[in-house]
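Using the sequences provided together with the hints, build the complete structure.
Residue numbers (this note's numbering), protein chains in the order written: chain E, 1 to 95; chain F, 1 to 201; chain U, 1 to 241.
None of these hints come from the bench; they were simulated from the model.
For every residue, glycine included, the Cβ atom is placed at its ideal position computed from N, Cα and C.
Watch out, some of these pointers could steer you wrong.
[Stated by the list, open to error] A short, non-exhaustive set of chain U residues, derived as facing chain F with CB atoms under 8 Å: (1) Pro49; (2) Leu89; (3) Leu91.
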Amino acid sequence: MPYLDGNVLAGAASDLFAFDLTTTEAQCASCYDIAPLGRSLVFGPPMGFVARCRSCDSVLIVVVERPEGHAFDARGLRWMRIGNDAHAAGEKIRP
Amino acid sequence: MAVFGGRRRSDDPALPPGQHLTESFPVLSAGPTPVINTHDWEFFIHTEDRQTHRWNWTEFLELPAEDVSTDIHCVTSWSKLGTSWRGVSLDTLFAQVTTQLDYVMAHSFGGYTTNLPLTDILGGRAWIAYEYDGAPLDPEHGGPARLLVPHLYFWKSAKWVRGLVMQHDDKPGFWEENGYHLHGDPWREERYGAWREDPYG
Amino acid sequence: MIPASFGWRSGTLSGARRLTPSARSLTFRVPGWPGNEAGQHVDVRLTAPDGYRAVRSYSMASVGDGDEVELAVARLPDGEVSPFLVDELELGDRVELRGPLGGFFVWRSGQAQCTQLIAGGSGVVPLVAMVRAHAAADDRAPMQLLYSLRTPADAFYADELGGFTATVPTTWHYTRTPPPGGDRPAGRLTEHDLREQTLPVENEPLIYVCGPTGFVEAVSHQLVSLGHAAASVRTERFGGV
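Structural data, given as structure tokens:
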């Protein structure tokens, strides 16, 4: 089954976070691999985004967009590191 | 000025609300397609008294099978009418099974899960299907065998099914944990669960 | 202060030109656009009179500051949105855009000693933005493009890429019909083609691959087989095969 890159998370994530999820480093709770979420393998559209670890295939995060908002499950991550330079979805924040 | 129309949505009474007709057969998966050798394939039903009923591929193909022509409805809004399958009815598989419980969790190779009430898979409403359109079921559509429960949204028809586990409560499977409806009746548009409800009840 | 990426902006079609019989370049004027980097994409949202909405992602060919965003859209046979954008949308019409999105598939001047771009079909669009950014920065580090496409008639931005030959050479790889007088036969990219037509492993290039999923999958595996580090290969899959 063809999958997409973690880049596709950027759109849904821009509704949720003020930082760019795709450049954010995260650790897989299953195999402890550390990588930017842009490297994950994304299955599931258009039911949702199921981002899987590039190293072990375990589910890292699940995002489901629905009329009321978003359901976000991150139990597959141990942590994320968000740098001070992580602009809102890659753009400069303007006052 | 150009006006966007989008796809024609259903005024067709054959379609549940909010669905549109497709001639193709879109593929949607929560994970990679598992590689399953029929030598290693097994289907199980596991009950609360720790009984496990099992069928290997050879035994499975010896069971009486049915041809099924049915409409299928995906929660992502496409519907496909008159699809043809061949499979073993869950009534046949449950004929020797004793259980007091009302719910099942379907488990698939690759880890996918989905929950169903027992009543929704008995009474001629569900099959383990191994042929589509007269040919062996393609891996990307769930082959060698998938659960087929066409009266519910198609995410309930678990691809690459490997067994059913009886459960006391209607505990959620993969998509249900992430906000999709526990039941999934397309005629009532049961797409999503209640927004703030705990899917674990 | 609200981060400007939250929410949708209105964009007006200010320019359109045909790239091929089935694709158009579309330029939208988007007041308040914060600018974007090379490789980023936008989500485009269309709303029908009855309120029905459809959202699709498109990579931007444009890069830098200013309030114009250029996309290139190919008509997909069973598409819901692309036929509308390619065949019906008129100058002055409005759409909604969200972005810029995606900081991972981005090329910035100065981050690599050399860059290899590999495009499959319409996957060339974000790579054109990278070529433009390389030129705008007057970047002297080597960059080259390998563009795999069916026939010469399917090429996006052929003239513009030809104009960059001195600084960013393009190798054209045709999978269906070679051009008259062409010195290579038709066929899919092989590992041999990649070895011959891309920057060598010893140069440690940063590599960007964009196109349909099957193309990106095959090329990525071949690059790793050649000895490129997986971490040096950035990919953008379009879905489809």
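Tested hints:
1. Taken as an interface hint, Pro49/U checks out: its beta carbon lies about 7 Å from the nearest beta carbon of chain F, inside 8 Å.
2. Taken as an interface hint, Leu89/U checks out: its beta carbon lies about 5 Å from the nearest beta carbon of chain F, inside 8 Å.
3. The criterion of a C-beta within 8 Å of any C-beta in chain F is not met by Leu91/U, whose closest approach is roughly 10 Å, and the hint is violated.
Of the numbered hints given earlier, the model fails hint 3 alone.
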